[in-house]
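Enquirer: Each chain, letter by letter, is given below.
Protein chains: 2
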Amino acid sequence: MTTLTLRPLTAEAFAPYGDVIECSGAPDKIINQGMCGRHHDLALVDSGPGRTGISLFDAKARALPYRLDLMERHPLGSQAFIPLDNVPMIVSVAPDADGKPGTPEVFLSQPGQSINIHRNVWHGVLAPLGAPGRYVVVDHISDLPNLEEHWLEDPYDILDQ
Amino acid sequence: MTTLTLRPLTAEAFAPYGDVIECSGAPDKIINQGMCGRHHDLALVDSGPGRTGISLFDAKARALPYRLDLMERHPLGSQAFIPLDNVPMIVSVAPDADGKPGTPEVFLSQPGQSINIHRNVWHGVLAPLGAPGRYVVVDHISDLPNLEEHWLEDPYDILDQ
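Chain order of the listed sequences is A and B. Take the first sequence: its letters are residues 1 to 161, numbered as in our numbering. Take the second sequence: its letters are residues 162 to 322, numbered as in our numbering.
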């Protein structure tokens, strides 16, 4: 069994796969008579031929070591995950390698970090670590098929940092 | 000074103004090999002539009684507020009355509740109650003017439930 080691989620490391939505640095604009900072336009939302919708995922807890045996991608749109309960997510992503996932990279999100996975990027399923978590999801809505799954011939075990 | 009394935020009471995004009832679909419930397509996202973006608002705490003296609306799109820190929001909304806000209704959100204010609906600014709060915001992005403000001639004081 090949192992992968979790890394802290950063915007730079995640850039090939999507966006990290977080308060970093000064806000782009101060609004509401000085009472609110707006960190503006942090994610590339792409709903392709559908419309953009907001859903809510209620997911059971995962633990380490975490077996990564399935990756999926959405050919028609991006998908953002916004944690309501500050539960960190195991974020598994991979470059495409001839229509299959290449070698994955695995990150652990921190409280306050949301992610937006770009259209057609291979990723693991939503995996809250250590506790159940609810996540608001912003993604493509339509009746078109928008899920491609790939079961890994050689699964990985994800280990702690 | 006229007073308004906060009511608990419910989907039914908020329906004339927008959507409450919350886990209510059974999920619409079970995904990820039984590990996740999807509550599907809970909000009408409408970005009009722009695109839909994701931003982050970092807002200072408000207290009761809360002075409601300004309402605003966005003619080009809906605006969703998703709390990252479980801080309740004072949600002030009003029907339109000849191009101005009519009598407001005021709600207090509960932890786990997000809201989506529909396009062109009068509302107060983001107002976390009792603590600062960060909120992921899903709204219209463009260079077009998308803010109409109205200062109330007779402000309201919002009181506890």
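Among these hints, one or two may not hold up.
[Claimed, not checked] Here are the computed distance ranges between Cβ atoms for each label pair:
id : chain 1 : residue 1 : chain 2 : residue 2 : range
1  : A       : A11       : B       : T171      : 33 to 39 Å
2  : B       : R228      : A       : D96       : 52 to 58 Å
3  : B       : T166      : A       : G25       : 38 to 44 Å
4  : B       : P177      : A       : S142      : 26 to 32 Å
5  : B       : D246      : A       : G130      : 14 to 20 Å
6  : B       : P272      : A       : P65       : 16 to 22 Å
7  : A       : A61       : B       : Q271      : 18 to 24 Å
8  : A       : P8        : B       : P272      : 25 to 31 Å
9  : B       : D257      : A       : D41       : 35 to 41 Å
10 : B       : G263      : A       : P132      : 23 to 29 Å
Simulated from the structure, these hints should not be mistaken for lab results. Each residue gets a CB set at the ideal place from its N, CA and C atoms; glycine is no exception.
Enquirer: Each hint needs a verdict: does it hold in this structure or not?
Expert: Taking the hints in turn, this is what the structure says about them:
| no. | hint | verdict |
| --- | --- | --- |
| 1 | A/A11 / B/T171: 33 to 39 Å | holds (37 Å) |
| 2 | B/R228 / A/D96: 52 to 58 Å | holds (54 Å) |
| 3 | B/T166 / A/G25: 38 to 44 Å | holds (40 Å) |
| 4 | B/P177 / A/S142: 26 to 32 Å | holds (27 Å) |
| 5 | B/D246 / A/G130: 14 to 20 Å | holds (19 Å) |
| 6 | B/P272 / A/P65: 16 to 22 Å | violated (32 Å) |
| 7 | A/A61 / B/Q271: 18 to 24 Å | holds (23 Å) |
| 8 | A/P8 / B/P272: 25 to 31 Å | holds (27 Å) |
| 9 | B/D257 / A/D41: 35 to 41 Å | violated (28 Å) |
| 10 | B/G263 / A/P132: 23 to 29 Å | violated (41 Å) |
When held up to the earlier numbered hints, the structure conflicts with 6, 9 and 10 and fits the remainder.
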